[in-house]
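Please arrange chain B on chain A, whose structure you already have, making use of the hints.
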Amino acid sequence: MIFRVLDPTNEMTRAGGGPAARPSSLRGKTIGFISNGKEGAKSYFAQLERMLRAEFGIAHVVWRTKSNYSAPADAYIIDEIPKWDAVVTGVGD
Amino acid sequence: MQTKKAALTSKTYDVDDFAAAQEFYHANGWTDGLPVVPATEAAVEACLEWALMPPDELIGIEPVRAQPITAEKLAINAVMAGCLPVHFPVVAAAWQAMMKEEFLLHGVTSSTGGCAILAIVNGPVRLEIGANGGFNALANSDRATAVIGRALRLALINLLDVRPGGIDRTTLGHPGKFSYCLAEDEEDTLWQPLSVVRGIPEGVSAVTVMAAMAPRQIMNEWTIDPREILETFAAEMRANQRHYSIYGGNYAIVIPKQLREHIERAGWTKRDIAEFLYERARVRRADWADVGKGAIVRDRGERIHAALESPDHLLVVAAGGPAGGFGAVIAPWMGSKTKAVTAAIGACIDCEPPKG
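Protein chains in written order, with the numbering used here: chain A, 7 to 99; chain B, 25 to 380.
Each hint should be verified, as a subset may be incorrect.
Computed cross-link-like contacts, DSS-like style, restricted to lysine-lysine with a CA-CA straight-line distance of at most 25 Å [as the list claims (entries may be wrong)]: (1) A:48 <-> B:317; (2) A:35 <-> A:89; (3) A:44 <-> B:363; (4) A:72 <-> B:35.
Away from chain A, derived, C-beta distances all over 12 Å, residues of chain B [said to hold, decoys possible]: (5) 54; (6) 327; (7) 361.
Hints in this document: simulated from the structure, not taken from any laboratory.
Glycine is no exception: its CB is placed at the ideal position from the N, C-alpha and C atoms.
Next comes chain A alone, as it looks inside the complex:
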């Protein structure tokens, strides 16, 4: 018996936008770090800052920490993002 079955995945396009354009170079740029606030994030971002400064020549780093590590970044952080050239956010557990 042949079954015709329906696709169970969400085929709808999300209302949100896609990824931002990537900068061609990081030299002289300001990078925002959005930490989830967990213990592991501190050393992760500290090492990342050293690498970005030494290897990619970035000019400034702005550190911000979410008030709730399981929720999106706070509105005041989101509002700051346009002032930065790129953002790094990630899980540090």
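Coordinates of chain B only, in the frame set by chain A:
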């Protein structure tokens, strides 16, 4: 006059037989690892008709990833989980509740912390669907709660990509992530149903969702004193605070008939239980040093942490088989970052998309 029903719009796939359907679903990563019921148009349409929902009805929008969830897509997953049409309104109401901002669905489903979504069913719908709040209430007690709980998880997998290693970053998880649903045994208790305690009118069916860790079973068959019985529950809550998370949140406790009758006969209400446990389920931060977590006590050793931020945060559920001096404590995922949400079944509680 017959009205033309709206057509389903999901992509379709032809498979040769039942076995081929299983392999097709598994190969696409569309299951929880167990066999699924092939979601045919007829089965999905039957769910939608029972719930009086057109296929494109918006159940809600997941607030963080802005992902719309439609009735058609939810029904497909419900059918796959084994739901009959009569089960679908419970699944839909649970998903409405899960998408409320305060539930923090994205955090709940992506966290390393490993919670599942517990659904507690109240009201007349329990009898309609054959849900059983008696024997084995927290496990394979009946078909209805088994498939409803499974449908919530399958829909997370397929509609929000909550797959292990994908959005789901859970370290361990627990078996409730296959299915975690129970019905309150309203016919055999003097207490108000959980839904009524949480503000739903009496006689209205409802489902409460909670980001929940695995049940921790307690035993005390050696007293009829409500205080002593509840001390055992409080001890288990304190144990969770020390060993898992010290922060207060929505705890659920399940009290089966044997212990429940002692508490009821003493005239205690659910509110009395909540107020007692609010006072008793507390630990000092310094207690962390006893369980290997001294590094994070710091200079706050004398600080008192309550398992419940207020008595309102305790979900007391009357359920379980008739014999045995057992009970269960179900701890929250990570304190109060998420809040339990109760939704009426078959009523629109939040028809507007979330703001922002």
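Hints and how they fare:
1. A:48 <-> B:317: holds (19 Å)
2. A:35 <-> A:89: holds (11 Å)
3. A:44 <-> B:363: Holds. Residue 44 of chain A to residue 363 of chain B sits at ~21 Å (cutoff 25 Å).
4. A:72 <-> B:35: violated (39 Å)
5. 54: Answer for residue 54 of chain B: violated, closest chain A Cβ roughly 5 Å.
6. 327: holds (19 Å)
7. 361: violated (5 Å)
Going down the numbered hints, you'll see the structure goes against 4, 5 and 7, while the others check out.
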